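Q: Residue numbers (my numbering), protein chains in the order written: chain H, 58 to 819; chain B, 58 to 819.
Since the hints were derived computationally from the structure, they do not count as laboratory data.
Check each hint, because a few of them may be wrong.
Any copy, or any two copies together, can satisfy a pair, since identical chains are not distinguished.
Here are the simulated lysine-lysine pairs, DSSO-like style, with alpha carbons at most 30 Å apart [to be verified]: (1) K604 with K651; (2) K349 with K687; (3) K596 with K653; (4) K596 with K641; (5) K653 with K145; (6) K814 with K493; (7) K604 with K475; (8) K653 with K462; (9) K653 with K604; (10) K596 with K263; (11) K356 with K478; (12) K145 with K641; (13) K462 with K651; (14) K437 with K493; (15) K641 with K604; (16) K478 with K452; (17) K145 with K651; (18) K746 with K437; (19) K224 with K452; (20) K145 with K604; (21) K263 with K641; (22) K651 with K452; (23) K462 with K452; (24) K475 with K62; (25) K72 with K263.
These numbers were taken from a predicted model, which means no experiment stands behind them.
Protein chains: 2
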Amino acid sequence: MAVGKAVNRVDAIAKVTGRARYTDDFYRPGMLVAKYFRSNIAHGKVTRIDINKARSLPGIEAVFTFEDVPNIKIATAGHPYALDPSHKDVEDKLMLTRDIHHLGDEIAVVVATDEFIAEKALSLIEVEYEEYEALTTAEKILAADARAIHGGTGNIVGEHQYECGGKLADAFSKSDLIHEGTYITNMVQHVHIENHTAFAYMDDLKHIVIVSSTQIPHIARRIVGQALNIPWGNVRVIKPYIGGGFGNKQDVILEPMVAFLTARLDGRPVKITLSREECMLCTRNRHPMELKVRLGSNKDGTAKARHLEVISLTGGYASHGHSIAAAAGSKSCLLYPRMAQGYHARTLYANIPVGGAMRAYGSPQIIFAIECAMEEMARKLNIDPVEFRLKNAAKQGDINPFSEKPISSCGLIECLEKGKKLIQWDDKKIEYANHKTGNYRKGLGVACFSYGTGTYPVCVEIAGARIILNQDASVHVQTGATEIGQGSDTAVAQMAAQTLGIPVETVHIVSTQDTDVTPFDTGAYASRQAYVVGNAVFKAATQLKRKILEFAALLTGLEAQELDVASGAVVHIKKDGQPVISLKDLAMASYYEKDKGGQLTADVSHKTTTNAPTFGCTFVDLTVDVALCKVTINELYNIHDSGVILNPIMARGQVEGGVAMGIGAALAEQILIDSTTGYVYNNNMLDYKVPTFMDIPDIGCEFVETVEPTASYGNKSLGEPPIISPPPAIRNAILDATGVAINELPMSAQVLFRHFKEFGLI
Amino acid sequence: MAVGKAVNRVDAIAKVTGRARYTDDFYRPGMLVAKYFRSNIAHGKVTRIDINKARSLPGIEAVFTFEDVPNIKIATAGHPYALDPSHKDVEDKLMLTRDIHHLGDEIAVVVATDEFIAEKALSLIEVEYEEYEALTTAEKILAADARAIHGGTGNIVGEHQYECGGKLADAFSKSDLIHEGTYITNMVQHVHIENHTAFAYMDDLKHIVIVSSTQIPHIARRIVGQALNIPWGNVRVIKPYIGGGFGNKQDVILEPMVAFLTARLDGRPVKITLSREECMLCTRNRHPMELKVRLGSNKDGTAKARHLEVISLTGGYASHGHSIAAAAGSKSCLLYPRMAQGYHARTLYANIPVGGAMRAYGSPQIIFAIECAMEEMARKLNIDPVEFRLKNAAKQGDINPFSEKPISSCGLIECLEKGKKLIQWDDKKIEYANHKTGNYRKGLGVACFSYGTGTYPVCVEIAGARIILNQDASVHVQTGATEIGQGSDTAVAQMAAQTLGIPVETVHIVSTQDTDVTPFDTGAYASRQAYVVGNAVFKAATQLKRKILEFAALLTGLEAQELDVASGAVVHIKKDGQPVISLKDLAMASYYEKDKGGQLTADVSHKTTTNAPTFGCTFVDLTVDVALCKVTINELYNIHDSGVILNPIMARGQVEGGVAMGIGAALAEQILIDSTTGYVYNNNMLDYKVPTFMDIPDIGCEFVETVEPTASYGNKSLGEPPIISPPPAIRNAILDATGVAINELPMSAQVLFRHFKEFGLI
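Looking at chain H on its own, in the form it has when it is part of the complex:
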């Protein structure tokens, strides 16, 4: 069985030997370089722009400003598309703009023969602004006299509320205890290794080809078509290997512009590569949120009611906008499903960098608030925090109060029990009771999460797979699911091998997506791929196997239903699996028999109309150096119920990466924004601190394997979830160690110092 095995990544050798090709490795003769001229204010309007000097610089091929681009506002969010107009993303982005919405907004673009000339030309552009007050905080944004950042009816991009799982007011009134708290999460960035880069060219005067580092080639095709108002079929997007995305490449940032430029420049190839500084300032970030939690519980530890009041800042453009607060709100209902739950969220425009999709799509913010509040409540109830969670945690058979459908698989309780044991919770609780004073204080923390797999029923969940049987009995598999470093190509190879009954080594994966020929799939996001494409691969492999067996029946005169594929041959089921014809001989006959057969392929497009719930938790053991405000993680366990684990090595990789990213968000990372001017202080890797190898402890990674009935291979999401619960677990452990509740992220040394000082610790 190929699924479940620690198969090596199919792209391992290509990647470790440097052979794998990324967007920047492709070259077209005569490729031009474009660079953006960006605003150096956060809010205002261009009153004068003079590009004449720039345009006359030798080596400059063109300069375009907001006056030259189509007057079409687009939504850049990488959502599939909605036939229902009320469900469409907010269309607020012009390719170049006179109106400035955040620092670094795109005003003009220069196209040059090389990047040095382009840089020089940028310095020759003269611009004058009318500057407005930078609206950087919810208070300023929601002020009655606040300027509407995008005009129209104001600064609220989206707002919604729900109540589920019973009457909320009743449940609160029947609760023995109420806890209220406010939690703040700040802006962090994905910091993928490969910056955004894309180039475009035309081989004729009709079709625009775009090569891009994107998670969502088919969506990018659609948005380019919309942005340029050309038929979508005239646009071709090619996605080579990409060096990480984490959601930031689930936005269509550069593709419309390179497409516009090549179209305006007679099909010549034009490339844009963002610098790290541009990437951090002008792509997307995690929405900062303010979350007020109200939690009610009975004395026995039965949680009764919870309400969340959320304000999320989406920055200068809507991008994924309110979807993030909305999606995370609904996914959190699963975690403790047997209580009444209320949710009210508003997403606001702000003159700060743009928020977008980032690993776990809002859940890190929502779950941080929920799990901080749970900790506080456990302490008020004087119940062990693990016990309090065990008592309220989702179980198989519970009803998801939001969807009102049964939870199809759930191993959360087993995750908690496993983590508790691994970290030796009870023993350490006793031991650490002696470490709550002095400079070095030790604490234990726990936090849980729930998540979904894919976006159904909010968005369409569609994936395609095409499988070809080669002459040598190997297969080629094409999927629209995109390998972005997470290992989806390898998972697909395992799935196809398993269902076809062939060795995984004989599965060749076509890794590059090309919207002209790749089966349609909306791309890598929402931890959807192994789930949704898994269902498509299963269907395609099953169909191909049926064709193989039917052809074998034709060749041998046996009945197809008596046959199966095993060990490189078609075998007879009834006759002890005796080989009837080798798969290679059958494949050769399919191609080369003169009067029968044909190349055997299966080409499947499949819509998955389910969504699988995922659960897990983090346990942390840490030491706080109070004087230095320094946190040292001694042990950390992330335990996941992600259904069947397709590949243990790759699964561990996802967990290790997610936890590291979670530790960064917990303890160090923050995009620092001047609240008066909207200026960003640290959009670079010197001043924005991502954890290095030296900062990350050994990560304990364990799985509780359930079998998800809606997945062809029993699997559920794993790409995003590992990032969710580490920050609240660390926060809860710091609280355990020091008695200080840090209700904001990141819990950097500066923040700890402020809190410790306030609390009288230092």
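Got chain H sorted already, so can you dock chain B onto it with the hints?
A: What follows is chain B alone, placed relative to chain H:
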């Protein structure tokens, strides 16, 4: 109706604006250049080779000799493959060789950082030979003591004979008149604009990617797999636009070597581009043949019996070898099918450049002999040559004596009648009777041909097509059929548009074949593509249309069989074609409806088990300047029965190109070989004379449209046939003008001088 319209080529703009990319336009960083070290003798053996100086030249990355390559002999002919071992091509080619079979044979290869260093390295290789007698003529080759060029049992690569259409000896004995003649055709070359070029690289240590100017990417994949003894699925061949092939790129010449080199050089990209001189000396050429014809006829002009005795020289390697003499022999049976026919052909190795596939694959040689003999017989019978042909020409309902199956469509008689009228045959016959003396003599000539469409039943005829419905109601079509300049992409677009009921402008063709993802097809040869892929496109388009109508039924609640596609909409057949849903709305729903649909595609592999007969003729009116031995063509008409004409402009293009090539072969072109040494005198474009625009008259091009019942679109071959009948028609017109029968090709000034002198004309 898209089929039959003079639709512009889909690649017209890309090609005329220089945007279309050919193999040489692709670049990989660090690409190395390889060049062959070739023998400067035609027959012998390397006794000593010293590559040390070459290897130590700075910039040389590697030098490989015959000692380094796999000891695997391959067949380079671009035939699909045969499961029947007795039907396999002759495997006689090592990638590099110690034994020399023709001038320019490949002994070693140098790999350098640039071509200048590579050239320099070639000059540093020292080699000594044991030289053998060059066997350049049938007489020498068949001599009892002749050395076997490839060892083994001698120099006959293939031999076969057949008799059909009645007892041959009886038919001859019952004939009133017998004509016997010997006809010689010499070696000519394809002279495609783009020389052979290919490069290869590895993105991992498993898969070899080859980009090549080839007519047959899927076959090249198979042969590379065989040559390197690796699984075929590990080989990927990509074919960009190519600058002509005419059969010469239906041989696998460079692909195994570039694949070998990248594999040996750690996956680094390695390219080989042949010079024009190498291309003319060391790729493939048209087999020179000696053809003895015996023709019997009754006095009334009823041809009774014909026998051909053929010797064909395949040069230093078998390549397509005997297939050419065999295929052309069987295709010629159709032309005058109501007589007894005999055929005996032998194909011989020779120490001359290698013969291979070239436009019309042996028929130009065979038909030249047949149509010269027919002319002579008409003169002996004192019957007008057109009348003689009309009397014996194939008609609808005749039985193909070779296959013993009815001729499925035939417009030959109409072609003859049309040509006769166009050239004003009868009037000019009278007029030109006064121009048979003096220096300027005028004459009329006619010649017919028959041909097939594809290779069935000799080879498998398989083609694939995949069609995707895009969101904008356009479609993308992938076929394995290769655009090599002949216009197949455009024909496929027309076919798909017609069957789907959509405008041809909304059909996007994926022109680049990529064996990893392109539906399997054996490639461009045998004028097969529009016929074989047409059947596959029809099947795929029909299947996609059915899916469209079924989805429309699902959306609307109507019955699928009441619906059709027309004018960009699904329409109701019974209600006067009233639109029910636009194709665009349907397409959008297929992608974006949450609970139904899916990307609509059809992926079809189809084996065609028929072969369509094609006919036509050439009429020529020319003037011979006896003193200058110069022929001026006054008028020339090629009239073809190619079934339904898919695209009149493109069809005319094929005819004009083919006739020009035929005029070149008739009057000027010949690869000159020293019969003593095997040395080639004119493998360059200065000394080998291809006709230019100035040498070609206005070409009259007409069609007699029949409807071929075995073709989905009624079409038959047209790519190759136009080249066949011009040379004998010109020869017959020269005979008519001067009374001199030139029984050899080319009829260059030198040859005419020799004949005219012999005949006493000068």
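Q: Are the hints correct? Go through all of them and say.
A: To see whether the hints hold, each was checked on the structure:
1. K604 with K651: Both, since 18 Å and 29 Å are each at most 30 Å.
2. K349 with K687: So K349 and K687 pass the 30 Å test inside one copy only (27 Å; across, 99 Å).
3. K596 with K653: both (25 Å within a copy, 16 Å between copies)
4. K596 with K641: So K596 and K641 pass the 30 Å test inside a copy (22 Å) and across (27 Å) alike.
5. K653 with K145: For K653 and K145, only the inter-copy Cα distance (19 Å) is at most 30 Å; the intra-copy one is 49 Å.
6. K814 with K493: Classified as within; 17 Å inside a copy, 120 Å across copies.
7. K604 with K475: Neither, since 45 Å and 50 Å both go past 30 Å.
8. K653 with K462: Between copies only: 21 Å across, 49 Å inside.
9. K653 with K604: both (13 Å within a copy, 25 Å between copies)
10. K596 with K263: Between copies only: 28 Å across chains, 35 Å inside a chain, cut-off 30 Å.
11. K356 with K478: within (26 Å within a copy, 109 Å between copies)
12. K145 with K641: between (49 Å within a copy, 18 Å between copies)
13. K462 with K651: between (54 Å within a copy, 18 Å between copies)
14. K437 with K493: within (18 Å within a copy, 123 Å between copies)
15. K641 with K604: within (15 Å within a copy, 32 Å between copies)
16. K478 with K452: within (19 Å within a copy, 91 Å between copies)
17. K145 with K651: Classified as between: cross-chain Cα gap 14 Å, same-chain 53 Å, threshold 30 Å.
18. K746 with K437: neither (35 Å within a copy, 100 Å between copies)
19. K224 with K452: Within one copy only: 22 Å inside, 89 Å across.
20. K145 with K604: The answer is between: 28 Å across copies meets 30 Å, while 41 Å in one copy does not.
21. K263 with K641: between (43 Å within a copy, 19 Å between copies)
22. K651 with K452: between (59 Å within a copy, 29 Å between copies)
23. K462 with K452: within (13 Å within a copy, 74 Å between copies)
24. K475 with K62: within (22 Å within a copy, 72 Å between copies)
25. K72 with K263: between (35 Å within a copy, 13 Å between copies)
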